[in-house]
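Engineer: Chains U and D supply the protein sequences, listed in that same order. FYI, my numbering numbers position 72 of the first sequence as 157, with every residue one higher than the one before it. FYI, my numbering numbers position 175 of the second sequence as 260, with every residue one higher than the one before it.
Errors might be hidden in some of the hints.
BS3-like, lysine-lysine: derived pairs with alpha carbons at most 25 Å apart [claimed, not checked]: (1) D/Lys-170 to U/Lys-136; (2) D/Lys-215 to D/Lys-243; (3) D/Lys-99 to U/Lys-288.
Everything labelled a hint here was simulated from the structure, so no lab data went into it.
Protein chains: 2
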Amino acid sequence: MIEKIYVTYNDVHKLCQEAAPKLLESFKPQLMIAIGGGGYVPARILRSFLKQPGSPNIPIQAIGLSLYESLPTANDKDVEEPGTKVTRTQWLDLSALGEMGNLIGKRVLIVDEVDDTRTTLEYAVKELEKDVELAREKFGGEKAEFSIFVLHNKDKQKKGVLPHDMLENGRYHAARTVGDVWICYPWEATDIDEHDRLGAEQKAAHNANQQY
Amino acid sequence: MIEKIYVTYNDVHKLCQEAAPKLLESFKPQLMIAIGGGGYVPARILRSFLKQPGSPNIPIQAIGLSLYESLPTANDKDVEEPGTKVTRTQWLDLSALGEMGNLIGKRVLIVDEVDDTRTTLEYAVKELEKDVELAREKFGGEKAEFSIFVLHNKDKQKKGVLPHDMLENGRYHAARTVGDVWICYPWEATDIDEHDRLGAEQKAAHNANQQY
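Work out the full structure: start from the sequences and follow the hints.
Structural biologist: What follows is the structure, given as structure tokens:
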């Protein structure tokens, strides 16, 4: 049976709060890219904690990437293997970003809730780097530097690959590393009080070995 | 002294959960547009509760509208007066939406956390309607129908104006209507446990007259 872990909203809030000073020290992001839907909540919370006095909020661009769903079909055999294909449901707004020109030379933090198979993150990094390269061919300028923040990294065999220098140079930050468990995020709970109760129960049980 | 109300994450979750069946019954949204950053959290939660068995998730497009901030510029003197101007920090992704063609004839739910002066919502509705009209000139087809969901509407003099038929035909849904108070959303809390404690205290005090 797959172990389930129950993550409460306040857990998510505190994971972001805990990570923000580290991210500010190591990477100083200038722009966040939230991978929707899972990245929306942590990105919004992170924005609060990344704000520096006297500076405006760090802008967030949302992108929509979907791995686990396909359109419903009459014949279920047509459904894609889960996790085999990334679909863009939204990409960056070129006009607001000055035709990507504004990505050039920027420190960009990609935010998602979970690094599971890594397929989505690989896709996001590759495609964003491609966009920046196209912009640089047009406008010149420095490379953009991408980093990643996720609430949870699952310690498992990954299908997706991230650039070595990202993993080695502290540009990959998972607030927690967990096993290959089923993570129940609060925004999917149909009974949030029961969800919190289960979360509190787990925290009490795992107290000596807190992992989420 | 302005009254503050403390809204917890679980309050937000329950407001969305409570609203979803009403939205499904009255409006049946086919697409959500989340106004970032405040709309990100309610939009993500709503998505869970708007999902129908056997159907895919309702897609979310995020747009970024800013009333109180401006993008960081080399020249800080460019900073706008707060609340006087809406700045787009992200707009719809035209390519993913098929050059807006996919908005034609759709029931679109615009999601934000609060309807304060209504300036941002007026801007969003007007600009989205304009985009759909441009798309219809090109492709033909039905008008899109817009509706609004906010967690809180402040009962105050509004600067922005929404279409009459939106307000009259149940296409405006505020989970709660409050006075002109200072709403403390959880994603801005620097101490979330204290925030929750204050929220619980208020709930106990206002128990007979629950308004949030």
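Engineer: It remains to establish, for every hint, whether it holds in the given structure.
Structural biologist: Quick rundown of the hints versus the structure:
no.: 1; hint: D/Lys-170 to U/Lys-136; result: 22 Å, holds
no.: 2; hint: D/Lys-215 to D/Lys-243; result: 22 Å, holds
no.: 3; hint: D/Lys-99 to U/Lys-288; result: 23 Å, holds
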